[in-house]
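Protein chains in written order, with numbering that gives the first Met the number 0: chain A, 0 to 318; chain B, 0 to 452.
If you are wondering where the hints come from, they were derived from the structure by calculation, not from laboratory data. Please read these numbers as outputs of a predicted model, since none were measured by experiment. Worth double-checking, as some hints may not be accurate.
Stated by the list, open to error - Listed below are the simulated DSSO-like cross-link pairs for lysine-lysine, each with C-alpha atoms no more than 27 Å apart in a straight line: (1) A:20 x B:418; (2) A:201 x B:4; (3) B:356 x A:2; (4) B:200 x B:8; (5) B:200 x A:254; (6) A:201 x B:8; (7) B:356 x B:281; (8) A:2 x B:429; (9) A:69 x B:418; (10) B:356 x A:201; (11) B:399 x A:254; (12) B:94 x A:299; (13) B:418 x A:299; (14) A:68 x B:155; (15) B:418 x A:206; (16) B:200 x B:155; (17) B:399 x A:64; (18) A:201 x B:94; (19) A:20 x B:399; (20) B:448 x B:437; (21) A:299 x B:448; (22) B:8 x A:254; (23) A:2 x B:94; (24) A:254 x B:448; (25) B:8 x A:299; (26) A:299 x B:356.
To be verified - Chain B stretches covered by chain A per the calculated footprint, using a threshold of three residues with CB under 8 Å from any CB of chain A: (27) 31-45; (28) 325-332; (29) 369-382; (30) 419-426.
Said to hold, decoys possible - Pair by pair, the computed Cβ-Cβ distance ranges are: (31) A:289 x B:320: 50 to 56 Å; (32) A:301 x B:444: 52 to 58 Å; (33) A:201 x B:199: 21 to 27 Å; (34) A:292 x B:355: 51 to 57 Å; (35) A:72 x B:359: 19 to 25 Å; (36) A:113 x B:434: 28 to 34 Å; (37) A:205 x B:210: 45 to 51 Å; (38) A:176 x B:359: 45 to 51 Å; (39) B:253 x A:201: 27 to 33 Å.
Note that beta-carbon positions come from the ideal geometry of N, C-alpha and C, so glycine has one too.
Below are the chains, spelled out letter by letter.
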Amino acid sequence: MDKLFIVSSSPHIRSNVTTQKIMRDVLIALTPAMVAGIIYFGTRALYLTVICVITCVLTEWVYEKLMHKKSTINDLSAAVTGVLLAFNLPASASWWIAFIGSIFAILIVKQIFGGIGHNFVNPALAARAFLMTCWGVRMTGGAFIPIDAVTSATPLGILKEKLAESLPSYINLFLGTNVYGCIGEVSKLALLIGGIYLICRKVITWKIPVVYIGTVFILSLIFGQDPLFHILAGGLFLGAIFMATDYTTSPITPKGQIIYAVGCGLLTVMIRLYGAYPEGVSYSILLMNVAAPLIDRYSKPRVFGIQKVKKLKKKSEVI
Amino acid sequence: MNIKKATFKGGTHLSYNKELTSGLNVETSIPPEEIILPVSMHIGAPAKPIVEVGDKVKMGQKVAEATGFVSVPIHSSVSGEVIAIEPRLHPNGQKVLSIIIKNDMLDTPDENMHPNSDYKNLDSKEILNIIKEAGIVGLGGATFPTHVKLSIPEGKKVEYLILNAAECEAYLTNDDALMMTNSDDIIKGLEIVMYVLGIDKAYIGIEDNKKDAIEKMAKSAQALNVDIYCLATKYPQGSEKHIIKAISGREVPSGKLPIDVGCVVLNVATAKAIKEAVIDGKPLIERIATITGHGIKTPKRMLIRIGTPIEHVLAQCGGFTDAEKFILGGPMMGISHFSSDTPVIKGGSGFLLLNEKEIDLSESNDCIRCGKCVSACPMRLLPLMISNASVNNDFEKAEKYNAMDCIECGACSYVCPAKRMLVSNMRVAKREITAIRKEKAALAEAKAKEAKN
Chain A
0 MDKLFIVSSS PHIRSNVTTQ KIMRDVLIAL TPAMVAGIIY FGTRALYLTV ICVITCVLTE
60 WVYEKLMHKK STINDLSAAV TGVLLAFNLP ASASWWIAFI GSIFAILIVK QIFGGIGHNF
120 VNPALAARAF LMTCWGVRMT GGAFIPIDAV TSATPLGILK EKLAESLPSY INLFLGTNVY
180 GCIGEVSKLA LLIGGIYLIC RKVITWKIPV VYIGTVFILS LIFGQDPLFH ILAGGLFLGA
240 IFMATDYTTS PITPKGQIIY AVGCGLLTVM IRLYGAYPEG VSYSILLMNV AAPLIDRYSK
300 PRVFGIQKVK KLKKKSEVI
Chain B
0 MNIKKATFKG GTHLSYNKEL TSGLNVETSI PPEEIILPVS MHIGAPAKPI VEVGDKVKMG
60 QKVAEATGFV SVPIHSSVSG EVIAIEPRLH PNGQKVLSII IKNDMLDTPD ENMHPNSDYK
120 NLDSKEILNI IKEAGIVGLG GATFPTHVKL SIPEGKKVEY LILNAAECEA YLTNDDALMM
180 TNSDDIIKGL EIVMYVLGID KAYIGIEDNK KDAIEKMAKS AQALNVDIYC LATKYPQGSE
240 KHIIKAISGR EVPSGKLPID VGCVVLNVAT AKAIKEAVID GKPLIERIAT ITGHGIKTPK
300 RMLIRIGTPI EHVLAQCGGF TDAEKFILGG PMMGISHFSS DTPVIKGGSG FLLLNEKEID
360 LSESNDCIRC GKCVSACPMR LLPLMISNAS VNNDFEKAEK YNAMDCIECG ACSYVCPAKR
420 MLVSNMRVAK REITAIRKEK AALAEAKAKE AKN
């Protein structure tokens, strides 16, 4: 017995899934939408995405270096944040908007709270909200419209402002042709392909995207709106597939995920119909992000072999 | 005899690596020069040696007797001479008093072994005594004395007798092998248990990746009132609680035993041992084990005598190559050991030699809250929350998250993309919670005493 073996706690084998592989899958899933963005908005879409990704990764690297923390840029999560942030920008945005937004996303939203897994809101969405507050004009409305365009607003903008223009057809909305919006949100087809890829790779489950989109569909139907238009317009697909499903900021319990997705859908429809903004996806996801820990707390699954959890709880409270 | 399908909710799929040994014939291990019999190969009180150094013993002779109800005797698996009774390294990592017997290679059988061709002449008490005297324990790995399990407390009724042949652990194929070679014996053993418990129906659960074994068992059980369940191949299907859930639909309440919901679960190897003890009069002196992993030259399935030094077995498999980890049992719940210089014990279902590629030694990263552990947990716990509470020494919180219900199956750690030591943290929490509970109980007792005075 000259050789001593390694001793450790069981289990002794691990699945080959790693954080890095998950993030790589997300990046792969975002590629179709990236291609669509480049087709519809030109190389500027690519240029802004590259700026966002580089800035995000660099910010993370510099911060961790300064704080003497282990570098986490290899897990690719910063790169995913970069792509998602770029997808939420209008193609006309200046380089410094992308630059500042990326620093905000990684430094303020992610790293200051402890890095990967510790942020309480989605970094890309929080950065978008920050940019909208600071440079509203450069982020919304006219920012989406190229100079030589025939129309003057995004589909939801047309609806909100009750403009005389006709709404784009379903097929245009689905493919993203002749529709204006953020870089990554226009082609629902591309986003759908990415979403199906993620579900097949078991990175996400169908629950959050389907329930979110389903809620928007049903609610807009109830409120007498065109449900198909509402689910195809704006950033709903991007939000439901890529943002609301963010692991860190969504509930972990199966029941909680349903509640969260319904909440996202409800807020989106409310903002779209009664709010000041034409689009409500990012704010509703941010609000539900904040509620996620609370949802988790009240949606704990029933533990195997424990019946009537509620009664027991009440008893212990009385004591 | 019926064949049905069932499973439970949750769990995960492993990379099974069963093909390393699944098609192989069961080889009989060459008898070793000497055997090492630790007095503690079961849960309960250690047995007491009844032989002395220099004594001649025969194959099957009792060398240590049970000390109490929850204890079983130990028998020599060879004939020869007792050369030492001293502490030796036990697979649990500690030194345990062991009886060392030098093999004379004659295999002279003990005259005390009585065959009973018709067990129906015996009553259930007599059979339970035979089972106890044969040293039979749960051979799935838990090694709980079988006669204790089959002694049904008053007021309890067995409705479901389940034979566990799920073998959900990765790598292991020894139950599969046993079903292929000894299905008749297993069914006979099951019949005896049914007779002891006074029931006329039994259930057998086999994972559906063992098609041949299912066929074999179905053939052997044809005349018997038995339902064979093809269980979905999913880890941990063979967990006692989950095979009960899959077959009977019942959940064993937290902190309770299967018998509380009218269930008794036996491993197939245990059933075979019961048949051999009752019908052939043969005590438990050998078992089938899987010797596998990518760290061993030729993986094998072998019939090994209890007490055989593991090194002797490994040598017959060509020795190990680049093994980094040596595991007793399966890779999910087995115990890793720093040395292979220990004997084969009753619960030794598998001996794994894993190389660096198979054991993931990558560092733990921050939890990304992906929730994969939540969907994998067969107990529907929130492993990440318990683990975090445990890491922060907040054991009260861990208890609130039902840490004590963790069965340590390892599914959460297996699926974790951040490679966190979830089960390990959970074990710490369980240990601390138990300690805190004990402390509280002692405090309460002291207070009560004070109040009395």
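Tell me the hint numbers this structure goes against, listed in increasing order. The structure conflicts with hints 5, 7, 8, 12, 14, 17, 18, 19, 21, 24, 26, 27, 32, 33, 34 and 37, although it agrees with all the remaining ones.
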